[in-house]
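Number 333 in the working numbering belongs to position 333 of the sequence shown; there are no gaps in the numbering.
It is worth saying that the hints were derived from the structure and are not from the lab. A hint or two may mislead.
To be verified - With a Cα cut of at most 27 Å, we get these calculated DSSO-like pairs of lysine-lysine:
no.: 1; residue 1: Lys88; residue 2: Lys71
no.: 2; residue 1: Lys132; residue 2: Lys90
no.: 3; residue 1: Lys88; residue 2: Lys18
no.: 4; residue 1: Lys287; residue 2: Lys220
no.: 5; residue 1: Lys18; residue 2: Lys46
no.: 6; residue 1: Lys71; residue 2: Lys164
no.: 7; residue 1: Lys115; residue 2: Lys50
no.: 8; residue 1: Lys250; residue 2: Lys50
no.: 9; residue 1: Lys71; residue 2: Lys50
no.: 10; residue 1: Lys282; residue 2: Lys298
no.: 11; residue 1: Lys282; residue 2: Lys164
Claimed, not checked - Okay, the calculated beta carbon distance ranges per label pair:
no.: 12; residue 1: Lys160; residue 2: Leu241; range: 32 to 40 Å
no.: 13; residue 1: Gly358; residue 2: Phe22; range: 32 to 40 Å
no.: 14; residue 1: Leu499; residue 2: Glu77; range: 29 to 37 Å
no.: 15; residue 1: Asp521; residue 2: Ile412; range: 51 to 59 Å
no.: 16; residue 1: Leu241; residue 2: Ile97; range: 44 to 52 Å
no.: 17; residue 1: Phe407; residue 2: Lys160; range: 18 to 26 Å
no.: 18; residue 1: Asp359; residue 2: Val84; range: 42 to 50 Å
Yeah, the Cβ is synthetic: ideal placement off N, Cα and C, and Gly gets one too.
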Amino acid sequence: MHFDELLGVLGEFGSYQKYVYFLVCLTSIIAAFHMVNSVFILGTPKHRCKLPNYPNDTYLSQGPAHDDLIKAYIPTELNADNDVVNKKCKILSIPVIDNVTTGIEQSCSSWVYDKTVYDSTFPSEQDLICDKQLWASNAKMIFYAGVFFGSLCLGALADKIGRKKTLILSILVLLASSLAVSWAADFYLFCVLRFIVGFFLAGAFMSSFVLGIEIVGPSKRLWAGVVMDYFFAIGLVILCLIGYLIRDWKYNQIAVSVPSALLLSYWWLLPESPRWLINRGKYEEAKVIIRKLAKGNKVQVTEKQLDSLECDETATGQLWHLFTSRVLFVRTIIIFLNWCVASMVYYGLSLNSGNLAGDFYLNFFLAALVEFSAFTLCLVLLDRIGRKKLHCAGMVLGGLACISTVFTILYIRKSHQMYTTVILAMIGKIGAAAAYAVIYIWSAELYPTVVRNVAMGASSSCARIGGMVSPYVADLSLIIDGHFGQALPLVVFGGASILAGLLSLILPETLGTNLPETIQDGKDFPPPKRAKKYEEDRSSSTQRNDTFTVDTTTF
Numbered sequence: 001m002h003f004d005e006l007l008g009v010l011g012e013f014g015s016y017q018k019y020v021y022f023l024v025c026l027t028s029i030i031a032a033f034h035m036v037n038s039v040f041i042l043g044t045p046k047h048r049c050k051l052p053n054y055p056n057d058t059y060l061s062q063g064p065a066h067d068d069l070i071k072a073y074i075p076t077e078l079n080a081d082n083d084v085v086n087k088k089c090k091i092l093s094i095p096v097i098d099n100v101t102t103g104i105e106q107s108c109s110s111w112v113y114d115k116t117v118y119d120s121t122f123p124s125e126q127d128l129i130c131d132k133q134l135w136a137s138n139a140k141m142i143f144y145a146g147v148f149f150g151s152l153c154l155g156a157l158a159d160k161i162g163r164k165k166t167l168i169l170s171i172l173v174l175l176a177s178s179l180a181v182s183w184a185a186d187f188y189l190f191c192v193l194r195f196i197v198g199f200f201l202a203g204a205f206m207s208s209f210v211l212g213i214e215i216v217g218p219s220k221r222l223w224a225g226v227v228m229d230y231f232f233a234i235g236l237v238i239l240c241l242i243g244y245l246i247r248d249w250k251y252n253q254i255a256v257s258v259p260s261a262l263l264l265s266y267w268w269l270l271p272e273s274p275r276w277l278i279n280r281g282k283y284e285e286a287k288v289i290i291r292k293l294a295k296g297n298k299v300q301v302t303e304k305q306l307d308s309l310e311c312d313e314t315a316t317g318q319l320w321h322l323f324t325s326r327v328l329f330v331r332t333i334i335i336f337l338n339w340c341v342a343s344m345v346y347y348g349l350s351l352n353s354g355n356l357a358g359d360f361y362l363n364f365f366l367a368a369l370v371e372f373s374a375f376t377l378c379l380v381l382l383d384r385i386g387r388k389k390l391h392c393a394g395m396v397l398g399g400l401a402c403i404s405t406v407f408t409i410l411y412i413r414k415s416h417q418m419y420t421t422v423i424l425a426m427i428g429k430i431g432a433a434a435a436y437a438v439i440y441i442w443s444a445e446l447y448p449t450v451v452r453n454v455a456m457g458a459s460s461s462c463a464r465i466g467g468m469v470s471p472y473v474a475d476l477s478l479i480i481d482g483h484f485g486q487a488l489p490l491v492v493f494g495g496a497s498i499l500a501g502l503l504s505l506i507l508p509e510t511l512g513t514n515l516p517e518t519i520q521d522g523k524d525f526p527p528p529k530r531a532k533k534y535e536e537d538r539s540s541s542t543q544r545n546d547t548f549t550v551d552t553t554t555f
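Whole structure, please, built from the sequences with the hints as guidance.
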């Protein structure tokens, strides 16, 4: 008897599974803290050169005398709205006297920062501005690189030593490294520690996600996979509150790190995955957990049923098998592209929320809030209109909304831009979040069983690459001034989203079909006739391959 068949007796989503599932979902909240906290700790405040011989200089005006000194030393320029603003990185060698300028503009070595949005950030503390303005983007990229390598390395470790041990190990190192970030004295140490945070954050999230999915029955996995995204959105809302209340980057980092300590209790609260134990031949340990599961679900399981448990043995293939035919090659490349773009747009829009017009914290809060509607749309429509239509609609409509911000910035009055640009960006975020959730399920159904795990792992790696690119796109407004610079990140996100969404139309629909088992099935997919009983076919197909979502991460 396979474990999925036993779950038919124990219950696919009974009280005990709900208990385990709720605990692992809490890890998504911690993941959201660290994945997007760079918005707060790596934000670049408004700044200008510090006045010479004025030790108490501040960015905001201290009065008429202070204003006169600023006008005398700080050169000005016209911004995109034809408003006169101070230059950020230049100071006059000789002050202006009686409106006569005799000095030359030169770069300065110290700055003052606006503390309206942040009290302090790592860039303001380390002066990562002007010639070093891309250093903050590099730090964000290095974090996502840590997530990339962590997904690869710790995923393999979880398969070897178990989900629970990998989870606890990841939480321990995550807690220590994330707290250490607060005391990073220079840029290089900061980046090393952030890489470690990303590396073990991937292990913590992936291990908990897999543990939760593996204990749920086949018919509930789609629902369970999407609902976990709600907890990620809850984490973003809580992160916004933390960022609003704690505006010093060091204390902010401590605040988002300490909750990880609570997850150490999972060593006593969570069981090991019984599916993993069975597949590793550890039947006695699995029986102990299954008896506990049966007791929690208030059902009876016989010793005969426990003794009949056997591991799930399926034929395995290699990733390169997907490139042995033109059909599978094109299909795989399109799937990889959509994973990459969906991740880039999703995280890019989150990072770019601070560059939109209006209140910084309100924009971030709205960007987090709209994700609930995106995931609800997925739950309601995924099995009604299909994966292809929903994914393409999310990518294309979200992309069009992002590109439309060009017209609001160029042709709508400045007083109204705050509303129109933010609304369009939020629509783009809804599309990206929905598409990101759908592509995970859709691609898993498109890959043949024999290569599904390795192919989903490769797809997840493409998503991490998209995350590494997203900070540079989001920070284009720091490099390019004016209206064009403000709109350019959204244009790039929108254009990439539309292109990937339209290409996804080449992929076949999987709703109501038997999933491909072999490479030949993948070449011939979709089958000429749809299954008559969709739920039975889908359930049996999942039972034949219970690792439907096991070796992947939805970061």
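Quick rundown of the hints versus the structure:
1. The straight-line distance between the Cα atoms of Lys88 and Lys71 is roughly 13 Å, inside the 27 Å bound, and the hint therefore holds.
2. Proximity of Lys132 to Lys90 is assessed by CA-CA distance (about 14 Å); at most 27 Å being required, the pair is judged to hold.
3. Between Lys88 and Lys18 the CA atoms are separated by roughly 54 Å; this puts the pair beyond 27 Å, and the hint is violated.
4. For the proposed pair Lys287 and Lys220, the alpha carbon gap of about 22 Å is at most 27 Å, so the pair holds.
5. A distance of roughly 47 Å separates the Cα atoms of Lys18 and Lys46; the hinted pair therefore is violated under the 27 Å criterion.
6. Annotation: proposed proximity of Lys71 to Lys164 is violated, straight-line Cα distance about 62 Å (limit 27 Å).
7. Between the alpha carbons of Lys115 and Lys50 the distance comes to roughly 15 Å, so the proposed pair stays at or under 27 Å and holds.
8. Under the criterion of a C-alpha separation no larger than 27 Å, the hint pairing Lys250 with Lys50 is consistent with the structure, at around 23 Å.
9. At most 27 Å may separate the alpha-carbon atoms for a hinted pair to count; Lys71 and Lys50 meet this at roughly 12 Å.
10. In summary, the hint linking Lys282 to Lys298 is supported, as the alpha carbons are separated by about 24 Å, within the 27 Å threshold.
11. Taking the CA atoms of Lys282 and Lys164, the gap is about 15 Å. The hint holds against a cut of 27 Å.
12. Between Lys160 and Leu241 the beta carbons are some 39 Å apart, a value that agrees with the proposed interval 32 to 40 Å.
13. Between Gly358 and Phe22 the C-beta distance comes to about 35 Å, which sits within the given range of 32 to 40 Å.
14. A beta carbon spacing of about 36 Å between Leu499 and Glu77 agrees with the range 29 to 37 Å that was offered as a hint.
15. Judged by the Cβ atoms, the range 51 to 59 Å given for Asp521 and Ile412 holds: they are separated by roughly 52 Å.
16. Restraint check, Leu241 to Ile97: a C-beta distance of roughly 49 Å satisfies the suggested window 44 to 52 Å.
17. As the Cβ distance of Phe407 to Lys160 is approximately 53 Å, the hint placing it in 18 to 26 Å is violated.
18. Distance hint for Asp359 and Val84: a CB-CB separation of about 24 Å, inconsistent with the stated range 42 to 50 Å.
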